[in-house]
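Work from the hints to combine the two standalone chains into their complex.
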Amino acid sequence: MDLSSEEARWSGMIDKTCLEVEIAGIKLKNPVMTASGAFGYGEEFSPFIDLDRLGAMVLKGITLKPKRGNPPPRVIETPSGMLNAIGLQNVGVEVLIKEKLPYLKKFNTPVIINISGDTIEEYVELAQRLGEVSKEMGVAGLEVNISCPNVKKGGMAWGTDAKATYKIMSSIRKTTTLPLIVKLTPNVTDIKTIAQAAEEAGADALSLINTLVGMAVDIDSRKPKLANISGGLSGPAVKPVALWLVWQVFQTVKIPIIGIGGIIKIEDALEFIIAGARAIEIGTANFVNPRVTMEIIEGMEKYLIKNNIKDINELVGSMKI
Amino acid sequence: MNAILNVKVKILSKEEVAPNIFLIKLSAPSVAQEALPGQFIHIKCNVDSYPLLRRPISIHRTDKEKGEIYILFQVVGEGTKLLAQRKVGDNLDILGPLGNGFNIYPESKKIMIIGGGIGVAPLLALCEESIRKGKEVRVLIGALKKELVIGEENFRKLGAKVDVATNGGSYKYKGLVTDLLERIIKEGWLADQIFACGPKPMLRKIVEISLVNHIDCQVSLEERMACGIGACLGCVCKIKTRDKKEDKVKYEYKRVCVDGPVFRGSEVVWDD
Numbered sequence: 001m002d003l004s005s006e007e008a009r010w011s012g013m014i015d016k017t018c019l020e021v022e023i024a025g026i027k028l029k030n031p032v033m034t035a036s037g038a039f040g041y042g043e044e045f046s047p048f049i050d051l052d053r054l055g056a057m058v059l060k061g062i063t064l065k066p067k068r069g070n071p072p073p074r075v076i077e078t079p080s081g082m083l084n085a086i087g088l089q090n091v092g093v094e095v096l097i098k099e100k101l102p103y104l105k106k107f108n109t110p111v112i113i114n115i116s117g118d119t120i121e122e123y124v125e126l127a128q129r130l131g132e133v134s135k136e137m138g139v140a141g142l143e144v145n146i147s148c149p150n151v152k153k154g155g156m157a158w159g160t161d162a163k164a165t166y167k168i169m170s171s172i173r174k175t176t177t178l179p180l181i182v183k184l185t186p187n188v189t190d191i192k193t194i195a196q197a198a199e200e201a202g203a204d205a206l207s208l209i210n211t212l213v214g215m216a217v218d219i220d221s222r223k224p225k226l227a228n229i230s231g232g233l234s235g236p237a238v239k240p241v242a243l244w245l246v247w248q249v250f251q252t253v254k255i256p257i258i259g260i261g262g263i264i265k266i267e268d269a270l271e272f273i274i275a276g277a278r279a280i281e282i283g284t285a286n287f288v289n290p291r292v293t294m295e296i297i298e299g300m301e302k303y304l305i306k307n308n309i310k311d312i313n314e315l316v317g318s319m320k321i
Numbered sequence: 322m323n324a325i326l327n328v329k330v331k332i333l334s335k336e337e338v339a340p341n342i343f344l345i346k347l348s349a350p351s352v353a354q355e356a357l358p359g360q361f362i363h364i365k366c367n368v369d370s371y372p373l374l375r376r377p378i379s380i381h382r383t384d385k386e387k388g389e390i391y392i393l394f395q396v397v398g399e400g401t402k403l404l405a406q407r408k409v410g411d412n413l414d415i416l417g418p419l420g421n422g423f424n425i426y427p428e429s430k431k432i433m434i435i436g437g438g439i440g441v442a443p444l445l446a447l448c449e450e451s452i453r454k455g456k457e458v459r460v461l462i463g464a465l466k467k468e469l470v471i472g473e474e475n476f477r478k479l480g481a482k483v484d485v486a487t488n489g490g491s492y493k494y495k496g497l498v499t500d501l502l503e504r505i506i507k508e509g510w511l512a513d514q515i516f517a518c519g520p521k522p523m524l525r526k527i528v529e530i531s532l533v534n535h536i537d538c539q540v541s542l543e544e545r546m547a548c549g550i551g552a553c554l555g556c557v558c559k560i561k562t563r564d565k566k567e568d569k570v571k572y573e574y575k576r577v578c579v580d581g582p583v584f585r586g587s588e589v590v591w592d593d
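Line order of the protein sequences matches chains A and B. Residue numbers 1 to 321, in the working numbering, belong to the letters of the first sequence in order. Residue numbers 322 to 593, in the working numbering, belong to the letters of the second sequence in order.
Bound-form chain B, shown alone (with noise of 0.2 Å):
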């Protein structure tokens, strides 16, 4: 495990780049250093105790030259909203990096790279890491509509190919992700690994498809989440658990924020 550090960092920039989604880039050398693809800092989203407890946010983009980390999060309730609502050159008490992190796999050469919604918030580092590594990179983007279309571009602009989904089909593909996933394994496009964010069901039909095309996947996941360190066991989720003797699906609880975000699509259990 990489060092977690308590730190208060300056907010360099702020933009709100789709309704009620923000980017922020925070000058945070240290945790820029230690930061692996999808690990997520907790934040302490105002300068008083309310709300009490930190937001999980996804690390969004690191740039360790400069010393900077970009985190990209949508408004969705308090905490977030006052976390939007901070101005450049506030300083902000983070806990990072948290979590795993995705894992590239050396002898992979396709990577398949799936975000849905905000989702796509942990995939930009993932992206960049792979074509560091010389893969071959393709993302897919799901939106309900046009305007929540995030990071096309910065995508693209790594040297990736990016396909579109909006679900009306207010913009390119119409349908979800997962039809588009689908209709490119039918053309032949097969990727040596997925690695989707977003939501439940959406993760839930890529794992689906990833097994029936036997590609390696993992998935992100979040939760409701206390202390991000492990400690309370607040932000569990449902995880296959090894033993094979009886046929019952068996499981046991894993913490999000330790043993995840992170998780191999086959051994989560969904539920209804």
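Just chain A, with the same shape it has in the complex (with noise of 0.2 Å):
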């Protein structure tokens, strides 16, 4: 808080702003959370941030088994932003358990897994492992990686067809009371029924949008700079296409919708709160600036005293047309 927005409080024109939200029955302190695969397993951000001010924490995509990820190269910036093929690398959920939730104990924010898989049957055994741990481990509830562009079996295959997303979410759904949240694709015909299909399915909220898949070339050596060939797109690039397919979302369901793509300060935050967006998810921003989360819940406060609203809420899809 600073001394312009203390002023304002003084001042008498509000005396009390809240950012608290609700998502999939999750209590967020405020909108700010952190996209899957740009956070690690939130330590990596410790030395930069109070990690007990974020909204929540989405942790790295996680699979049964540890997974080795892609050959390099794996990232390459493109105009507005980067294409990354990483491949889902991580330790696995035992891993998980055992050396990364403990810490992310202490705080006091909820943390949530999102979890990937190759079959119907890996992401309900991952979604039960967790609910297991989830009151002892912290784990607030599950993003369902349905939308992963980068690997070959599984991933982004579950979230490109409404029968298969309505099929996955639902049985997930039978095999855990957690919240769950759905990531979806752009890289569909038409995502309003992809989203139809997740709610009807049981899904308590969907976030949006995960990567578009591009590609970079070479023209030196003429082949492609990713070693993946394809890779996810991300950055400010993307911001103008998340922001419409939140809108259409919007209208489309009843649960809360996480707006995700570009945001790189508080500008383009309020923008997807505006589309209808309930919280945000801050992903490659992190990497150019590891402070950008604190910023934008700064700009929050801010901006509502600036224009005496009392409560984030009154905000989300407030957009005039």
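List of simulated lysine-lysine pairs, DSBU-like, C-alpha gap at most 35 Å: (1) B:K559 with A:K223; (2) B:K466 with A:K225; (3) A:K223 with B:K466; (4) A:K302 with B:K329; (5) A:K105 with B:K329; (6) A:K27 with A:K105; (7) A:K225 with B:K495; (8) B:K331 with A:K225; (9) B:K331 with A:K302; (10) A:K225 with B:K402; (11) B:K559 with A:K67; (12) B:K521 with B:K385; (13) A:K265 with B:K402; (14) A:K29 with A:K16; (15) A:K67 with B:K571; (16) B:K408 with B:K346; (17) B:K561 with A:K223; (18) A:K98 with B:K559; (19) A:K225 with B:K559; (20) A:K225 with B:K335; (21) B:K402 with A:K223; (22) B:K521 with B:K454; (23) A:K254 with A:K302; (24) B:K456 with B:K521; (25) B:K331 with A:K265; (26) A:K67 with B:K561; (27) B:K521 with A:K223; (28) B:K561 with A:K65; (29) A:K65 with B:K521; (30) B:K467 with A:K225; (31) A:K98 with B:K571; (32) B:K521 with A:K67; (33) A:K29 with B:K329; (34) B:K571 with A:K223; (35) B:K495 with A:K223; (36) A:K27 with A:K67; (37) B:K467 with B:K431; (38) A:K27 with A:K106; (39) A:K265 with B:K335; (40) B:K559 with A:K105.
Derived from the structure by calculation, the hints contain no laboratory data. These numbers come from a predicted model, not from an experiment.
Following this line, the structure appears as structure tokens:
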């Protein structure tokens, strides 16, 4: 809180701003979450920010068994964005539980685990396992990744077909009472049908968008710049696409939406909220500015005070058309 | 692990020391205090958000007393081009110091340092530290041609014996720096440790030579990098796993930014 907002408070315009939101039954102290894959397992950012101040942490996508990932080069910068093809490299759920979650328990910030698998059975087993340890290890909810463009099996295949989305989400829903967020891919003909299928299958919230499939070519070697050939585009370049999809999904479903895509500053975050997102996830911007989440939280408070809005929830989907 | 800082630091001087190769001096007391030879800083090259990502640049030299660090880099793309255009007096947004750094063993007496092209960048600080610790240091510099030989005098001033190889023979030894290394070993000068940074084929050959001659070898690698702090898993390289049960070479992907950039030469898997 800087002096100007403090002054605004005391000047009597408003006496208290509320940044609290509820997503999938999880209470967040503010709408600022971290996007999976862009925040490691949380600890990597502790030199720069107070993890206690975040709305929620979504950790690097996890699979049942450890995953080696794709060969390098895995990342390449593109105009106003970057392509990545990490290939879901991760330590596997057991190491996550034993070595990564204990550190996060001391923070009063909900931890959401992003899960991936090759088969429905793997997703179900992951959900069960994380459900078993959720109380003890502080797992607040699951973000189901049916939208990773960089793995051969599973991944995006579930999220590009409404029937497949329904099938996998209803299977996971039957096995866990944990809050379920479904992360959607933009690489579809009509995202609304996928969003509806997820809602009907019992999802508690939707997060969108995952990355857009893209490619870059080295003109000297005539090779693709990524070893995987294709990768997922993220960063400011995708923001207009993400906003449009959030707005469309907002008009289609009743469950809360988490907006993701190219948010690097407070104005970007506010655009998503006005377009219908109740919370936002910050991804690529963390790589550039490790304090970006804190700056956006501070910016939200200032915006509410400046515009005499008591509660951030009033802003959600408030776009005037 | 030492502290990682995100600070704005002032450019004190800038010099084009060779065609497209720049030496920049930064006032960065906190980073200078923490920095170890072989570490790097992650630099926001421009003031606005283009280019989007930071660029990892080796720390060339550290002056703890004056609170200054030097970076030496070659212009290879948009990021480094914009970095080279920044002016004396400008502030640079940096993260650092990052990475593990070189490990000089206390028992080592003779140190061989080998830099290929811009690969000399992280080696001057290493040379300084080795000499400070009382080691006998030899430095081999490899370059395409005479104009691209960097830092020869600086290494010599520190007290190292310096040899240079140029591919075409436009300066000193004609041939590859790895040929020069083999020759020196044949002459009987055997190091306890070899440290190298440069193009991958050079590093691969140096590791081969070190294995044949049973010399401990550490190499500094580079890879396309995004976060620089171990979160995104973008900048990985292939590292052998310790499982010896199977004959097949097993490997895992390790992060250049936090697990490296310095790796033991014998554990790196070199792809063809």
